Every structure is written in C-alpha cells, then in structure tokens.
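Chemist: Join the two chains, each given in its own frame, into one complex according to the hints.
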Amino acid sequence: DVKVTQSSRYLVKRTGEKVFLECVQDMDHENMFWYRQDPGLGLRLIYFSYDVKMKEKGDIPEGYSVSREKKERFSLILESASTNQTSMYLCASSLLGQETQYFGPGTRLLVL
Amino acid sequence: GIQVEQSPPDLILQEGANSTLRCNFSDSVNNLQWFHQNPWGQLINLFYIPSGTKQNGRLSATTVATERYSLLYISSSQTTDSGVYFCAVGNQGGSEKLVFGKGTKLTVNP
Chain A
1 DVKVTQSSRY LVKRTGEKVF LECVQDMDHE NMFWYRQDPG LGLRLIYFSY DVKMKEKGDI
61 PEGYSVSREK KERFSLILES ASTNQTSMYL CASSLLGQET QYFGPGTRLL VL
Chain B
1001 GIQVEQSPPD LILQEGANST LRCNFSDSVN NLQWFHQNPW GQLINLFYIP SGTKQNGRLS
1061 ATTVATERYS LLYISSSQTT DSGVYFCAVG NQGGSEKLVF GKGTKLTVNP
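Keeping their order, the protein sequence lines are chains A and B. For the first sequence, my numbering assigns the number 1 to the initial residue and increments by one for each residue that follows. For the second sequence, my numbering assigns the number 1001 to the initial residue and increments by one for each residue that follows.
Bound conformation, chain B alone (with noise of 0.2 Å):
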C-alpha cells in the first residue's frame, strides 16, 4: 500500500517562528489532508489539498502531487498551535480511505 513519510518528527519553535512541515508519499493520491492533533486529542481538519496551493490565516499548504510531497508552512507560531501535524492520503477509488503519516509533533515556546 501507500507509504506517507512526514518530517522532521519534531520540531521545537520559540513563538513568531516560522516553520515547513513535510509529507512525502509513494504513490499519485487523490486526497491528501493535512490535521492539526492538540495536547488533549482533537483532531482538526486544517486542510483538504490533493493538488495546488491553499491559505487559512498563517496556515498555508502546497500539494505537488506530480512529485508526490506536500508542505505545510506555520507563519508566526503561537503556543496554540503545539499539538501533532498529520498528513493523510488516499488513492484508491473509494479515496474515502486515508493512510495517515506518523505526524509531527510541534512545540512552541513563549
């Protein structure tokens, strides 16, 4: 099956930092969602980006599916935003199905 890599695995930022999480997968997706995992277990959907480029405030994501990585770039992180980065992919025909990476864990620091 499809194998997603996601680094770094840790990052450890001073707040106002920027920072680039990345996923890499083995094989073309169709769905390809990035999730942000606080301290206390919520996962929350941050994106839904198979291809192209998308902005949420100072979250912003790119998906280069024909190389097969995507980015997940934090501009001027707050404390909030500690917690695990998940990217998640599908490719099969039902793309319902998602394989998730190992995630990223982020801690910011006042």
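Extracted from the complex, chain A is given alone in its bound form (with noise of 0.2 Å):
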C-alpha cells in the first residue's frame, strides 16, 4: 500500500513564524504535492515537484516555498506565516506516468 506521512496533524503558530510542514512517501514516486484547502473552496495546488530538487508553481505560490532535497520528501515552508494561511494543508505523491495521487491525511494549521 502507498503509504503518504505528514509530520503533523495539528500545528498552531504565531503571525511571522517560519512554519515547515513535512511529507514523506514511501512508494518511490517521482511526483509530489502540496495542496491548501479552506472552505468552499476545494484543493488548490501550491507548489509541485516532479523530481528531486526539481519544483513548479502551482496556482497559489504566492508566501510559500518549497524543498526537495530527497525523492521521499517534500517540505513546504512558510517563510512568515499569516493569517490567511491558516488552513488545511494536504501533500500527495504519484508515480511518473501513472496520474493516480496519493494524498496524506492532512494538517490543520492554526495561524493566530
């Protein structure tokens, strides 16, 4: 079974922190995810990679970037948190050439 880990489930932090979340696969995938999603308003990529230390925009990188220095993780980093990032953040992986994603079960980030 793909297997999807994010570091936390819930985190709360203060406005301006720095704020790292973590995904781990353990499929080999070459893809690799980090979605937002708030109420409303369905998932919205961020940020993918589809290679180590390879990355693309996705539709709202804007106050977020992102690190893949192994091909099992992939780090999103908020480099001064607000407070209109608080939201559910959602990473998934998926093999090269096959489109099925794998999603983790999510962290809910509280930014006060």
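Everything labelled a hint here was simulated from the structure, so no lab data went into it. Keep in mind that this is a model prediction, so the values were computed, not measured. For each residue, glycine too, the CB sits at the ideal point set by N, CA and C. Possibly wrong hints are sitting among the right ones.
Here are a few chain B residues that face chain A, going by a calculated C-beta distance under 7 Å [stated by the list, open to error]:
1. Gly-1041
2. Gln-1042
3. Leu-1043
4. Asn-1045
5. Tyr-1048
6. Glu-1096
7. Phe-1100
8. Gly-1103
Modeler: So this is what it looks like as structure tokens:
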C-alpha cells in the first residue's frame, strides 16, 4: 500500500513565524504535491515537484516555498506565517506516468 | 484555466438509496479523477477515468469526454459513504497537475 505521511495533524503558530510542513512517501514516487483546502474552495495546488530539486509553481504559490532534497520528502515552507494561511494542508504523491494521486492525512494549521 | 463544476453541492440520503454526482469541465482533459474525503479529512482516490466507464463494488463512474462531463454513481448507499466527493481534472502536457472542483458533500443517514 502507498503511504504518504505528514509531520503533524494539527499545528498552531504565531504570525511572522517560519513554518515547515513535512511530507514523506514510501513508494518511490517521482511526483509530489502540496495543496491547501479551504471551506467552499476545494483543493488548490500550491507547488509540485517531479524530481529531486525540481519544483513548479501551482495556482497559489505566493507566500510559500518548497524544498525537495530527497525523493521521498517534500517540504512546504511558510517564510513568515500570516493569518490568511490558516488552512488544511494536504500532501500527495504519484508515480511518473501514472496519474493517480495518493494523499496524506493532512495538517490543520492555525496561525494566530 | 480549466473550470470544474460539481453538482449538487450538498446531498442528503437515507441508507440504501442510490445517487448520482456530476462533474462538468470547461475544456478537454487527459486526466480525470474522483476522490472521497472522509469526515477526518483523508482523501482516497476512487477512480482514474479520463474517458469511459469503470466500476468498483457499489461505485461506478462514467466520463463522456466529448461532452465534458463525468458522473459518479453510488448505489445502495451506506453511512460510511458520507463525506465530500471531489472531481479533479488535468489537461496540460504534464497531466499530473490537477484542478479540483468544490466538491459534493454527501450525508447518508441511517
């Protein structure tokens, strides 16, 4: 079974803090994704990566950066957290050439 | 970019009823997936179905690519079917990038 894990289920941070969200997959998938989910808006793609050290902007990259130093790990970074980044963050992965995406359990981030 | 509309936004059923969820999209696609998000937030991939028909137990899906819509059928619904159902499409050269609809929230009552 594909397993995608995220470092925290719940996280509370203060405005201006630097926040790291970690995602790890154990199936040697090339593609990894970060989404945020807000009520009434569905899921929106922040960034994705198709290989180590490679990244592409999604639909809402502003205020975020990513890092992929190892194939299994994809990190989302909030350089200076703001209250409008309070959201549910979901990580996903997929095998190159196979479009099915597998999701982690999500991290609910609250920025005060 | 491509637009994805799902209907209905909310659906309440009695256990045992059947239902049809619809996904309309504004452009041709080379990737279409249906997901179920359970009440704890976990998304599970149900179908990868850019065209044609697939069935998995009580669930089936049909995509008519030429008419730009997909349908998800749930038969003999159970309380565990409750949650939000998302349709997501991709149409770029790298079809891995998905655009999600806003979802249909399904509540199945015992």
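Chemist: Now tell me, hint by hint, if it's right for this structure.
Modeler: Each hint tested on the structure:
Interface restraint check for B/Gly-1041: the shortest CB-CB distance to chain A comes to about 4 Å, inside 7 Å, so the restraint holds. Given hint, B/Gln-1042 at the interface with chain A, holds; its Cβ is 5 Å from that chain's nearest Cβ, closer than 7 Å. The beta carbon of B/Leu-1043 comes within 4 Å of a beta carbon in chain A, closer than 7 Å, and the hint placing it at the interface holds. Satisfaction of the interface hint for B/Asn-1045 is found here, the shortest Cβ-Cβ separation to chain A being roughly 5 Å, below the 7 Å cut-off.
Because the smallest distance between the Cβ of B/Tyr-1048 and any Cβ of chain A comes to about 5 Å, under 7 Å, the interface hint for this residue holds. Annotation: B/Glu-1096 was flagged as interfacial toward chain A, and the flag holds, the nearest CB pair being 5 Å apart, inside 7 Å. A least Cβ separation of about 4 Å between B/Phe-1100 and chain A falls short of the 7 Å threshold, and the interface hint therefore holds. The beta carbon of B/Gly-1103 comes within 6 Å of a beta carbon in chain A, closer than 7 Å, and the hint placing it at the interface holds.
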